[in-house]
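Note that the protein sequences, when read in sequence, are chains B and Y. Per this note's numbering, the first sequence starts with residue 374, numbered consecutively. Per this note's numbering, the second sequence starts with residue 197, numbered consecutively.
Simulated from the structure, these hints should not be mistaken for lab results. The C-beta atom is built at its ideal place from N, Cα and C for all residues, glycine as well. Where hints are given, some of them may not hold.
Here are the simulated lysine to any residue pairs, SDA-like style, with alpha carbons at most 25 Å apart [what the hints assert, rightly or not]: (1) B:Lys-511 x Y:Leu-255; (2) Y:Lys-257 x B:Ile-526; (3) Y:Lys-257 x B:Arg-620.
Chain B regions said to be covered by chain Y (calculated; three or more residues, Cβ under 8 Å) [said to hold, decoys possible]: (4) 449 to 463; (5) 528 to 538; (6) 634 to 646; (7) 650 to 658.
Pulled from the structure, derived: some chain B residues nowhere near chain Y, Cβ distances all over 12 Å [stated by the list, open to error]: (8) Ala-395; (9) Tyr-512; (10) Trp-542; (11) Leu-573; (12) Pro-601; (13) Ile-619; (14) Ser-682.
For reference, the chains in residue letters:
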Amino acid sequence: MSAEKHLLPPLVRRIGLRLGAALPALFCVILFTFIMMRVLPGDPAVYFASGPNAGQAEIQELRHKMGLDAPMPVQLLHYLENLATGDLGRSLTTGQSVAQDMHERLPASLELTLTALAFSLLISLPLGLTAAWWSGSKYDQFVRAFCSACFCIPPFVSGILLVYVFYYWLGVAPDPTGRINIFLPQPPRLTGLLLIDSALAGDWTAWHEAAGQLVLPAMTMALFVIAPLTRMTRAAVISVLGADYIRTARAMGLPTWRIMIVYTLRNALMPVLTTVGIVFSTMMGANVLVEKIFSWPGVASYALDALVSSDYAPVQGFILLMACLFILVNLVIDLLLGVLDPRVSVE
Amino acid sequence: MTEPLLTIDDLRVSFTSDRSRREVLHGISLSVERGKVLALVGESGSGKSVTGLTAMGLLPKQAVVTEGTIRFRGQEITHHVPRSLRGAGIAMVFQNPRAALNPTRRVRDQLADVIRAHRRLDRAALQKRLVELMHQVSITDVTRCLNAYPHQLSGGLCQRIVIAMAVACSPDLIIADEPTTGLDVLTQKSAMDLLLRLTREQDMGMILVTHDLGMAAQYCDDVAVMRHGEIVERGTPETLFRNPRNDYTRRLVAACPNATSLLEVPTDAAARQDSAPALLLEVRNLVKEYQNGFRAVDDVSFSIRQGECLGLIGESGSGKSTISRLVSRLVDADGGEILFNGTPISTVPAEDFYRAPQRRQIQFVFQDAAGSLNPRYTAFRSIVDPLLRMGPVPEGDALAELVVQTARSVGLSEDMLERYPHQMSGGQCARVGIARAIIVSPDLLILDEPTAALDVLVQAEVLALLERLRRERGMSYLFVSHDLHVVRMLCDHAIILRKGQIVEAGRCEDIFRAPQSDYTAQLLEAIPHFHPEGSV
Numbered sequence: 374m375s376a377e378k379h380l381l382p383p384l385v386r387r388i389g390l391r392l393g394a395a396l397p398a399l400f401c402v403i404l405f406t407f408i409m410m411r412v413l414p415g416d417p418a419v420y421f422a423s424g425p426n427a428g429q430a431e432i433q434e435l436r437h438k439m440g441l442d443a444p445m446p447v448q449l450l451h452y453l454e455n456l457a458t459g460d461l462g463r464s465l466t467t468g469q470s471v472a473q474d475m476h477e478r479l480p481a482s483l484e485l486t487l488t489a490l491a492f493s494l495l496i497s498l499p500l501g502l503t504a505a506w507w508s509g510s511k512y513d514q515f516v517r518a519f520c521s522a523c524f525c526i527p528p529f530v531s532g533i534l535l536v537y538v539f540y541y542w543l544g545v546a547p548d549p550t551g552r553i554n555i556f557l558p559q560p561p562r563l564t565g566l567l568l569i570d571s572a573l574a575g576d577w578t579a580w581h582e583a584a585g586q587l588v589l590p591a592m593t594m595a596l597f598v599i600a601p602l603t604r605m606t607r608a609a610v611i612s613v614l615g616a617d618y619i620r621t622a623r624a625m626g627l628p629t630w631r632i633m634i635v636y637t638l639r640n641a642l643m644p645v646l647t648t649v650g651i652v653f654s655t656m657m658g659a660n661v662l663v664e665k666i667f668s669w670p671g672v673a674s675y676a677l678d679a680l681v682s683s684d685y686a687p688v689q690g691f692i693l694l695m696a697c698l699f700i701l702v703n704l705v706i707d708l709l710l711g712v713l714d715p716r717v718s719v720e
Numbered sequence: 197m198t199e200p201l202l203t204i205d206d207l208r209v210s211f212t213s214d215r216s217r218r219e220v221l222h223g224i225s226l227s228v229e230r231g232k233v234l235a236l237v238g239e240s241g242s243g244k245s246v247t248g249l250t251a252m253g254l255l256p257k258q259a260v261v262t263e264g265t266i267r268f269r270g271q272e273i274t275h276h277v278p279r280s281l282r283g284a285g286i287a288m289v290f291q292n293p294r295a296a297l298n299p300t301r302r303v304r305d306q307l308a309d310v311i312r313a314h315r316r317l318d319r320a321a322l323q324k325r326l327v328e329l330m331h332q333v334s335i336t337d338v339t340r341c342l343n344a345y346p347h348q349l350s351g352g353l354c355q356r357i358v359i360a361m362a363v364a365c366s367p368d369l370i371i372a373d374e375p376t377t378g379l380d381v382l383t384q385k386s387a388m389d390l391l392l393r394l395t396r397e398q399d400m401g402m403i404l405v406t407h408d409l410g411m412a413a414q415y416c417d418d419v420a421v422m423r424h425g426e427i428v429e430r431g432t433p434e435t436l437f438r439n440p441r442n443d444y445t446r447r448l449v450a451a452c453p454n455a456t457s458l459l460e461v462p463t464d465a466a467a468r469q470d471s472a473p474a475l476l477l478e479v480r481n482l483v484k485e486y487q488n489g490f491r492a493v494d495d496v497s498f499s500i501r502q503g504e505c506l507g508l509i510g511e512s513g514s515g516k517s518t519i520s521r522l523v524s525r526l527v528d529a530d531g532g533e534i535l536f537n538g539t540p541i542s543t544v545p546a547e548d549f550y551r552a553p554q555r556r557q558i559q560f561v562f563q564d565a566a567g568s569l570n571p572r573y574t575a576f577r578s579i580v581d582p583l584l585r586m587g588p589v590p591e592g593d594a595l596a597e598l599v600v601q602t603a604r605s606v607g608l609s610e611d612m613l614e615r616y617p618h619q620m621s622g623g624q625c626a627r628v629g630i631a632r633a634i635i636v637s638p639d640l641l642i643l644d645e646p647t648a649a650l651d652v653l654v655q656a657e658v659l660a661l662l663e664r665l666r667r668e669r670g671m672s673y674l675f676v677s678h679d680l681h682v683v684r685m686l687c688d689h690a691i692i693l694r695k696g697q698i699v700e701a702g703r704c705e706d707i708f709r710a711p712q713s714d715y716t717a718q719l720l721e722a723i724p725h726f727h728p729e730g731s732v
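Next comes chain B alone, as it looks inside the complex:
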């Protein structure tokens, strides 16, 4: 169709413009984390010296070896130079390069967050839609109470509660340690997402194992974001229900399910999608507690460990990664909005 021919170049240009506009923001993020790490108390050289009795000379030498005795602008220049070549630095705790660590751990966090997001959407969309449909009813009030309850319980509490009920008490969940039983053969790594890798390899035992490990932590995270998503869905659906075209659909005798899904939910998705973008970014950063509780080998717990031990490179790398993800997610949401609403893509 001719519309697509028209659509593509502006689309590409728009993506390019958005990414270009993000560069200054990224630089600010780099600068800020760099300075912050060095202003915060704690000296990595002292921390990584052989022991508490290490002499001044040894610390001095370590500091020199790590480049920490150079003036801060020089250190920054070095850091930027390395960044330009794709070198995020080396983690002192794990002894590996930060890029390597991220590469290993990011899929774990992504898999967890994406699954949690899917869970929360599966719960929130129907809940919000039905609450709006019967707004003001007892059911609506129940949904509101449920949302408040979910939002009130912090993830570390709900996580521990879930573990207690499903692992300790009922015994239906596997022990909450890590992504997959380490004694099982790991599926060959393609995407790093265990569910996808094992499915691709046709290894359904591993898939079940990984899925089982995933349910509780993902549920814990999902519970926390159900409230904003449900409330947003409900509000959006209520405003759509007041629209003239819903009245038209009713007057024409369309089946209720079609009015609900195709006419109402479809038009209410725009604000919900915007919220999904915000929620996803928050989840990526805020899932530290969940990763800690379930010994999930993700990037957030990795960054926290590094922060505690004044390990500069991983923290800087983590924040940079999060900033990039944030920009990417927002771009994707933006493009999706254009797909969802034909009026947007016309401009």
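Starting from the known structure of chain B, fit chain Y onto it as the hints suggest.
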């Protein structure tokens, strides 16, 4: 045995809230037969729309039918209209066609949804039916319209699609709720002609809900006049409009502008001078081009003398609103000159014009009276605001005195001044808008369809008010409207615009008596009208 298609008997509907219960329909009885068109006429709030919605089973949750029955083809549907009837038995055409269509769904799918809700058709049969429908509503560009989203189509096309949806499943009754409000005269005429033709062809019945008496008279076999939830008078258009028995009907008929109506204003106030007054506004070769190269205003020239009223007539998109914005210096022109009292004002950029001395002298009354008032300002604050910004501000009590006086001159009592826009009626908001414009004693008032959203009775009052103010204060008006009768009543001269260009200009009487261009003649022809005296 011919039972009417739809019978409504002693229908009472109440709106309930937690605390109160308000009856909005107090025992409505009416019936519609096959092949006949019934008009429900009344002001906003008279219950005419509620009557239509009740028959469709589309009342909002708070509304309940407390008494009475509605029967359709002999079946009782008072409290529950089965889904199979909605769309296939009774269908509805709504006002504001663009909003009545789902913005994220193609026209093809929306029409198909309606058909499939009532019939099982395979793809080929469905496609055939869609094309057939498009032909029925006289759409020639079938493929483009079917594949388009509503926002890609004009208002007139959207209304045709809505009509196509309504007739898609061959209903027996169509309820059209103000189907042409917001459309310009020519589009309005073709939409109404279409609805009427389909009603006759398919032997359907139709209820036309409208506030336009002319339309009711021209298109309907039967008219019911509603007021405050009651039918006050009922009859054929001829008897009803020629010899209205009810007092309210009489006032309604009198207020409706038609080819002969005049404004009732005491003429002794200021006899027209014979010598031509000085030129107040001169517009020379005005051009406005939008970024996409569209020429909204294309080489337009006109002038207004002191105390004169110039009407600007055109359909939507003809550039009349753009001209009013250019002249009021809210928008910059791309060419041409605007002289005010001999001084060029088009040289001052629009964003700096608020500082120019002429800002005071050129004021604006907006189309959407309620929407153009700050919702958090009382009427008093709205009226006083321009004075505070442009001065000179009278000292102490004189300020409040001036506001009260201005409010009184537009027919607003003192106690109205403490109200917020949502606490006022449309007519009252319009008065506040006018008071706000005249408090700084402007020389030129630009009125952009100030009565478009008002009921006939209120419109007549506002027009009389404008005429009185003009005579008392010697103001000049630039009056933008698509209602030709209103322009004729108020204005001395008029300009007919089309696609940004002047099609015809001259004295109103001449234009209306002997239009020079075909387009003007067409416009005049399209106005729905009735002749109370049986003349013309």
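**Contradicted hints - numbers only** = 2, 4, 5, 7, 13
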